[in-house]
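J.: Chains as they are written, first to last, in UniProt numbering: chain A, 1 to 224; chain B, 1 to 356.
In short, the hints are calculated from the structure, not lab data.
Keep in mind that a hint or two might mislead.
[Said to hold, decoys possible] Capping the alpha-carbon separation at 30 Å, the derived lysine-lysine pairs in BS3-like fashion look like this:
id, chain 1, residue 1, chain 2, residue 2
1, B, Lys253, A, Lys36
2, B, Lys55, A, Lys132
3, A, Lys38, B, Lys21
4, A, Lys33, B, Lys21
5, A, Lys33, B, Lys72
6, A, Lys36, B, Lys55
7, B, Lys273, B, Lys74
[Unchecked claim] Okay, the calculated bits of chain A under chain B, using three or more residues with CB under 8 Å as the criterion:
id, segment
8, 120-131
9, 158-171
The C-beta atom is built at its ideal place from N, Cα and C for all residues, glycine as well.
Spelled out, the chains give:
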Amino acid sequence: MNYSPLLISLKAAVIATMITFVFGIYAAYFTTKLDKAKGLVDGILTIPLVLPPTVLGFFLLVLLGKNSIIGKFLSSYDIFIVFSEAATIIASAVVSFPLMYRTVRGAFEQLDRNMIYVAKTLGLSNHKIFLKIMLPNSFSSIMAGTILAFARALGEFGATIMLAGNIPGKTQTMAVAVYSAVQAGNRTLAYKWVAIMVGISLVSMIVMNKFEKMQVVKVGKGGN
Amino acid sequence: MGKEVIKILYVNIKKEFDNFKLDIEFETNGETMALLGASGCGKSMTLKCIAGIEKPDEGEIILNNRILFNSKKKINLLPQKRKVGLLFQSYALFPNMTLRENIAIAVPKDRNNKNEIINEKIEAFSLKGLENNYPHQLSGGQQQRVALARMLVNEPEILMLDEPFSALDEHLRWRMEQEIISILRTYGGNTLYVSHNKDEVFRICEKVAVFNKGKIEEINSREEIFNRPTTYAAAVLTGCKNISKAKKISENKVYAVDLGLELNCNEVDDDVKFVGIYTEHLKVSEDNKEDNTFEFNILNVIDNLFSHTLVLSPRIKDYETQKIYMEVSESQFKGIENKKSIYLHFNKKNLLLLNK
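Only chain A is shown next, with the shape it has when bound in the complex (with noise of 0.2 Å):
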């Protein structure tokens, strides 16, 4: 058996990851201080979510596509986005990074509004305060977000054949394995990668519920 897939999925998880946490904290930290356009910027946000995979994959090969303006400006510098690894990382994150964003977003908006304006009002800047107080005191539910948007990476399929293909040992990630296997009618293969997909889901989501579970024993008094 050839194990390239599961190397491929696992980078473009892990790599996903790290851009949608970055964003997805600083996109949740960005809409709890919008007042009007609040609803708005959410639904641009979370769009991914609902949209079908394959929907959002046409979308990002029409963005970054040769003919578009950023497909141009980077076959300038001889970066091909479409067909190469870039994109099996690029679908991931952009699939993964709604699940990043809501749980954090959550967790932000549940943090006691007083506690923040107490904060605000002993002179501590907005900087320090996203820092020192809405981070740790969000610290399990940005775990359990980063897990959840891992997962989701891992098994991206539809936004990942669009943008980065079905290239074995390229972009051929595990998702893209199982359907090459049953399209090949190979089920054996199909089997063994269903199993290790889901065993690592499995043990995500466990490891997800002991970091959800911690924000109960954190949390002090709260009220209004």
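Given chain A, work out where chain B should sit, using these hints.
T.: Just chain B now, with coordinates in the frame of chain A:
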């Protein structure tokens, strides 16, 4: 002697939100002032506007000669720059920090003897030995002390307490109230105290502003407010249970519409709208020879822990009138226990004439 520090808070703001209009103006001069009102009357919003968490639609807020907010001059200081202390009922301690870190983060940046300052506060608030505990490991009383220490170490120019005790049970409340009173005495600056509890306000505050539906109806010393409220809202908030609509009959006579009684008073204003009397000020009489004394049927008796509340209505009225509530002690109750009716004396000097 150093220069006298001017301690004045001046607030004059308007704000509309959720179909509600806040429109208030008041000033304090270094005393402890209560914002007394039913919930949802704009008290907490007022504090938030002063703290800079909410922005008024228009108006001005000045604290010790510093303009915190002025809509005309487009001044709106950040909460961080206002030097105001806020204390909430939930205390809002930072759960991820130890007791010591909670206090340390509030020490102004330019202090170089930070450790000394923190130690001093920990000592003063009897928190020694608990420095490394997290908020959830502290009792309610300890949490309150940490919140107070954190607020004071920041050297605010005004303290604002938003119903600090409303979630506590009674015996704890009493103890923590005593602590707050002694802290406020030593602080000696402007303090705003938001509450809907009349007893608490009476014990803690020197001045009272009565809030009603986004407006301040009355500002006065606590003695004046509690002895002579001049508005319906103030009377209700200070615990007056017996209030009737009123009509002026003559210079010293008023007709209590809801009771169907004519009451002699000292001086009746033309714009009198209500007449009221505290349950504690009603007196039982032997007969109705005295002025302002009427016979009342006893409709019901409510037993309290150390007293009884009588529910009464005027006798010889063939229509249903408003009920009168009166509190009697155990010993007083012995004499009237089996009676169907009693005579009640409304002392002239205790009648509240309310014009709003």
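J.: Work down the list of hints and note, for each, if the structure agrees.
T.: Okay, the hints, checked on the actual structure:
For the suggested pair Lys253(B) and Lys36(A), the alpha carbons sit about 58 Å apart, so the restraint of at most 30 Å is broken. This hinted pair checks out: Lys55(B) and Lys132(A) have alpha carbons roughly 26 Å apart, not beyond 30 Å. The suggested pairing of Lys38(A) with Lys21(B) holds, with an alpha-carbon distance near 25 Å, which does not exceed 30 Å. Pair hint Lys33(A) plus Lys21(B) holds up; C-alpha atoms about 25 Å apart against a cutoff of 30 Å.
Between the alpha carbons of Lys33(A) and Lys72(B) the distance comes to roughly 26 Å, so the proposed pair stays at or under 30 Å and holds. For the suggested pair Lys36(A) and Lys55(B), the alpha carbons sit about 15 Å apart, so the restraint of at most 30 Å is met. For the hint linking Lys273(B) to Lys74(B), the alpha-carbon distance of about 42 Å lies beyond 30 Å, and the restraint is violated. For the segment 120-131 of chain A, the stated coverage by chain B is satisfied: 6 residues place a CB nearer than 8 Å to a CB of that chain, which reaches the threshold of 3.
With 0 residues having a Cβ less than 8 Å from any Cβ of chain B, the segment 158-171 of chain A misses the three-residue criterion, and the hint is violated.
Checked against the numbered hints above, the structure breaks hints 1, 7 and 9 and satisfies the rest.
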